[in-house]
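Participant: One-letter residues, chain by chain:
There are 2 protein chains.
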Amino acid sequence: MTDFTKTRARFRLPDGVIYLDGNSLGPLPAAAAERVGRTLEEEWGRQLIRGWNSAGWMTQPRSVGDRIARLVGAPAGSVVVGDTLSIKVYQALAAALAFNPGRKVILSDSGNFPTDLYMAEGLIATLGQGHRLKVVEPEAVEGAIGDDVAVLMLTEVDYRTGRLHDMAALTARAHAAGALTVWDLAHSAGALPVDLLGSGADFAAGCTYKYLNGGPGAPAFIYVAPRHADTALPALSGWMGHEAPFAFDRSYRAGQGVERMRVGTPPVIALAALEAALDVWDGVDMAAVRRASIALCDLFITLVEAECPELELASPRDGACRGSQVSFRHPQGYAVMQALIDRGVIGDFRAPDVLRFGFAPLYIGADEVRAAVAVLRQVLDGRLWDRPDYHRKAAVT
Amino acid sequence: MTDFTKTRARFRLPDGVIYLDGNSLGPLPAAAAERVGRTLEEEWGRQLIRGWNSAGWMTQPRSVGDRIARLVGAPAGSVVVGDTLSIKVYQALAAALAFNPGRKVILSDSGNFPTDLYMAEGLIATLGQGHRLKVVEPEAVEGAIGDDVAVLMLTEVDYRTGRLHDMAALTARAHAAGALTVWDLAHSAGALPVDLLGSGADFAAGCTYKYLNGGPGAPAFIYVAPRHADTALPALSGWMGHEAPFAFDRSYRAGQGVERMRVGTPPVIALAALEAALDVWDGVDMAAVRRASIALCDLFITLVEAECPELELASPRDGACRGSQVSFRHPQGYAVMQALIDRGVIGDFRAPDVLRFGFAPLYIGADEVRAAVAVLRQVLDGRLWDRPDYHRKAAVT
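So the protein sequences, as listed, match chains A and B. Residues are numbered in the numbering used here as their position in the first sequence, beginning at 1, plus a constant of 872. Residues are numbered in the numbering used here as their position in the second sequence, beginning at 1, plus a constant of 872.
With the rest of the complex left out, here is chain A:
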């Protein structure tokens, strides 16, 4: 049984802050600074170049990948870490398209995070083979999986609304229609149980700085189904994905299995922070996280709807159809969020009018949910959001 009192003690959260934005950037694990400091001073500082072997830097993308694999229902040896989610989506999509050369449609939905769509556009232009990105509404995805679809590329949890796709059902539907799947797990990994192997997903990618708490700009990960791992095209064929990087061959030969999806030199310092973050996950039962997450989200919805009827729910009401976040609409959403943040309740805003609140049971409990709603009520009661400076649009929200 996961004891969330214990996981909670493993994070450093500032006093007076209720942090409901772990869906954007997870908080600092208590052990991260020491772990990173050790990598700098003892590994880099003392071992210098020898750290690539003696400190295990060279194999870390795979060993850290195995730790993430456990959290997303993937077998050991099927996940590697590195680069950014955008890059990993590009590789996954390129590899998936190469398996389906006779078809030209990449099907996605309007709930996908924009960078996935942008990377697909870039890949389509680079391929120059007349591929087409077809973007439909989330509820229209299933019906749009026709026999022209090469690849179904979706983010499992919608970043704005938290709406959860049925990965197993859509993957089965795609396969039945002769398409492959690429799943973006940005808002899934660490948020809810994912069953990559069981669902039959072909490729997946995710980031580690949201629910996994790896730190700002922490490296991404990529999953390749074992049945594809030795034949998938890396597209971004860098030396770390070569069969023998230190043979310094003139020609590329793809490495074994998922190793081929490695590209350049591993981000050692960032990986140290991620290791500290993954330590918190040791022994955590994802089913228990899911139960607690749904309970927190349900409580938040119940309280907001009872106490703040000005807000309109923008997330699925059924916890089974939702990730680990709840979104509400308010016409002055941006300013309301600024007022909340100033009062220590940190969520975020997505245009045009969405207030997003993420609930991570590892460090958030029912007391924080109640306190956050009370502050929200105060902000609305006093029109505390009606200060001019709350209405200036910041560059980043």
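Be aware that one or more of the hints could be misleading.
What the hints assert, rightly or not - Just a few of them, taken from the derived set where beta-carbon distance is under 7 Å, the chain A residues facing chain B:
| no. | residue |
| --- | --- |
| 1 | Val908 |
| 2 | Thr956 |
| 3 | Ile1141 |
| 4 | Leu1171 |
Bear in mind the hints are in silico, worked out from the structure with no lab data behind them. C-beta atoms are modelled at their ideal positions from N, C-alpha and C, and glycine is treated no differently.
Based on the hints, put chain B in the right spot on chain A.
Facilitator: What follows is chain B alone, placed relative to chain A:
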């Protein structure tokens, strides 16, 4: 005048070590651990998601890029930091090819670092337009720049021998033949003066973990000549290169200038270490670094040739034709290097028989050069390299 006694005090080098491998991984700057710790504890820990604005994380790829620009002869606003060198080479090459659609040859040389060649192979396969990678010997490059060449892609300094290409002359020759240029500055940035703007280079990329001392796996940088910056194709078109990332548009619109070459979320923790490393470069005169580097390399060559005639010079003898490293050949090169490392003289080995020694005046002086040669003499005299365990090949050298 650059005072190398002062720069030297800004690194932490282990006692008893003479570090001649800064051409592979620079040493730990003394201020890095504190700087990274501050980013973790004060920025990530306290500011949480707000750090993207309040701590400047979002604009760091550009601001750090400007600091590197000064060191490679590039104007402010022409360099951004992120990803790995492999990824940045891919973007540069894709953009260069798109400017020259009628031609199919990518010309490179056997002194290029393999990952550049591998990324080119991957791009060629993805483009599927019949491009061809032509790899000639370094001395044959100039003569091979024919009117079929779309892009000349070279690493300025050969990673094995230190041989230095004439960037200005080869760029002029390429332009005269109607080709564009992509320069890899992995062994140039921080090693010698580079004049990207003056040489007319079209694109360049480099890494920051060698002579710039940014740490293991530190992010790379890319340069786009100002005349191309608003029309270059990003290829890896991620959200951070979008004109308005936080508008969350469904379609990609390339950002202003070099910003379009950004891809995913910036690696904030790694950038903190790199910032500390770049602080050491403040006020350093690259011409003074070059003079000191040539003097150190010349001294090393003179002493080794006088005292260790078993070794054969594998680098250009003329300092003006060499980067900041010296390579020697020995039939038992691998084992000799293991014996040296065990005695505190850290260089590295490249197959089949090359011993590499890098000389970074920021933290290495003539005393270390003399001491290193004395240890080399001891190793050779006593056949100290003749231990069986020195002859096992490590995974990484």
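Participant: Each of the hints needs a verdict: does it hold here or not?
Facilitator: Evaluation of the provided hints:
{"no.": "1", "hint": "Val908", "verdict": "holds (6 Å)"}
{"no.": "2", "hint": "Thr956", "verdict": "holds (3 Å)"}
{"no.": "3", "hint": "Ile1141", "verdict": "holds (5 Å)"}
{"no.": "4", "hint": "Leu1171", "verdict": "violated (22 Å)"}
Hint compliance for this structure: hint 4 is the single one not met.
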